[in-house]
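Novice: Protein chains in written order, with this note's numbering: chain A, 352 to 469; chain B, 439 to 657.
Heads up, some of the hints might be wrong.
Claimed, not checked - Label pairs and their in silico Cβ distance ranges:
#1 B/504 to A/468: 20 to 30 Å
#2 A/433 to B/535: 31 to 41 Å
#3 A/468 to B/627: 42 to 52 Å
#4 B/617 to A/436: 21 to 31 Å
#5 B/586 to A/388: 50 to 60 Å
#6 B/513 to A/436: 48 to 58 Å
#7 B/616 to A/436: 43 to 53 Å
#8 A/436 to B/578: 40 to 50 Å
#9 A/446 to B/483: 11 to 21 Å
#10 B/632 to A/459: 55 to 65 Å
These are calculated hints, taken from the structure and not from any lab test.
Note that beta-carbon positions come from the ideal geometry of N, C-alpha and C, so glycine has one too.
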Amino acid sequence: MDEAMHPLTLLCFGMYGGSLANQDGAPLRLIVPWKYGFKSAKAIVKISFTDKQPNTTWNEANPHDFGFYSNVNPNVDRYHSQAHEHRLGEFRPRPTLMFNGYDQVAGMYSGMDLAKNY
Amino acid sequence: MIRIIKVVVFIVCLVPLGLLAWRFFGAHPSDMTNWGAGLGANPVEALEHGTGDWTLRFLLITLAITPLRKLLRMPALIKFRRMLGLFAFFYGCLHFTTYLWVDKFFNVHEILADIVKRKYITVGFLAFVLLVPLAVTSTAGWIRRLGGKRWQALHRLIYFSAIAGVIHYVWLVKADIHKPLEYGAILAALLAYRVIMWQRRSSAARSSLATLPRKIAIG
Chain A
352 MDEAMHPLTL
362 LCFGMYGGSL
372 ANQDGAPLRL
382 IVPWKYGFKS
392 AKAIVKISFT
402 DKQPNTTWNE
412 ANPHDFGFYS
422 NVNPNVDRYH
432 SQAHEHRLGE
442 FRPRPTLMFN
452 GYDQVAGMYS
462 GMDLAKNY
Chain B
439 MIRIIKVVVF
449 IVCLVPLGLL
459 AWRFFGAHPS
469 DMTNWGAGLG
479 ANPVEALEHG
489 TGDWTLRFLL
499 ITLAITPLRK
509 LLRMPALIKF
519 RRMLGLFAFF
529 YGCLHFTTYL
539 WVDKFFNVHE
549 ILADIVKRKY
559 ITVGFLAFVL
569 LVPLAVTSTA
579 GWIRRLGGKR
589 WQALHRLIYF
599 SAIAGVIHYV
609 WLVKADIHKP
619 LEYGAILAAL
629 LAYRVIMWQR
639 RSSAARSSLA
649 TLPRKIAIG
């Protein structure tokens with residue numbers, strides 16, 4: 352719930368001043384900028400709240416790479432390394448930043464071992 | 439005639455590289471800011487997958503030469519085997535270079551960690567390394583120096599390189615293993631042909647051995 356209520360978490364209806372296109376996740380999509388992209392679910396039509404931690408698709412498909420939180424974290428020793436990233440239009444890779452550079456979310460995970468809860 | 443066909447095959451083998459380069463440099467190669475755009479949102483991945491795919495394809499094509507020339511009764515196909523094998527090595531070099539340069543930017547620490555820790559990289563690296571002695575000894579001079587038997591034994595390493603290449607692909611995909619299994623199925627068929635041929639040849643040799651003493655006795 353902390354993550355959902357965080358001001359950086361967005362529910363988007365539009366993009367670049369227009370309405371959201373189908374391929375960008377119309378009618379409604381989530382943006383969680385400090386997590387890996389697949390956590391920003393597209394084409395949301397229903398939201399339900401559960402009292403237990405649910406399974407997630409990628410967590411089931413490849414638990415070694417994709418944990419429940421899937422915060423951007425270069426320090427987790429993943430099967431496919433996420434220590435560096437290539438940005439659009441850049442040739443050289445650059446080191447990936449913790450929480451994708453959004454340090455203001457770190458407080459939500461204080462006291463958590465993020466190498467385990469990745 | 440063979441010479442002309444060889445030139446044509448050579449050029450055809452370069453087409454995949456040409457297409458990758460075309461997509462990489464785009465319609466306006468002088469505009470450096472646009473490089474890679476033709477390869478989609480993840481040009482690094484497109485280069486790695488493109489060169490990797492073609493390495494495996496050329497390995498399989500090279501391995502298909504012997505079954506094809508026997509089944510189709512086209513012995514002249516053997517004349518293309520070295521070139522195709524060297525193209526497998528060529529695309530393998532491009533694949534490895536893409537990984538070292540574009541993906542890792544020669545970050546030695548990360549590359550060594552990758553080779554030791556990530557099994558799909560370990561086995562991919564093995565597949566590449568196994569091809570090196572084959573490329574080096576691909577000349578007529580080396581066949582003479584090693585002797586036909588030993589040269590042939592050495593070049594059976596291609597079986598292990600191809601197997602390692604397919605395992606590399608199976609282990610690296612995240613969820614959908616359909617594509618790697620397609621390559622695996624073709625490789626399995628090409629290797630099964632060889633196993634069947636060996637069995638036939640050894641049983642033929644055995645039956646001729648069995649008749650040998652009798653002949654000597656008669657003689």
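Novice: For every hint, state whether the structure bears it out.
Specialist: Do the hints match the structure? See the list:
Between residue 504 of chain B and residue 468 of chain A, the C-beta spacing of about 54 Å breaks the proposed range 20 to 30 Å. Taking 31 to 41 Å as the suggested C-beta distance range, the pair residue 433 of chain A and residue 535 of chain B does not conform, at roughly 23 Å. Checked against the hint of 42 to 52 Å, the C-beta distance between residue 468 of chain A and residue 627 of chain B comes to roughly 46 Å, which is consistent with it. The beta-carbon spacing between residue 617 of chain B and residue 436 of chain A, approximately 25 Å, falls within the hinted interval of 21 to 31 Å.
Remark: the range hint 50 to 60 Å for residue 586 of chain B to residue 388 of chain A is upheld by a beta-carbon distance near 55 Å. Against the hinted window of 48 to 58 Å, the Cβ-Cβ separation of residue 513 of chain B and residue 436 of chain A comes to about 52 Å, which satisfies the hint. In this structure the supplied range 43 to 53 Å is violated for residue 616 of chain B paired with residue 436 of chain A, their Cβ-Cβ distance being about 28 Å. Separation of residue 436 of chain A from residue 578 of chain B is about 48 Å and conforms to the stated range, judged on CB atoms against 40 to 50 Å.
In this structure the supplied range 11 to 21 Å holds for residue 446 of chain A paired with residue 483 of chain B, their Cβ-Cβ distance being about 19 Å. Under the hint 55 to 65 Å, the C-beta atoms of residue 632 of chain B and residue 459 of chain A, about 59 Å apart, fit the expected range.
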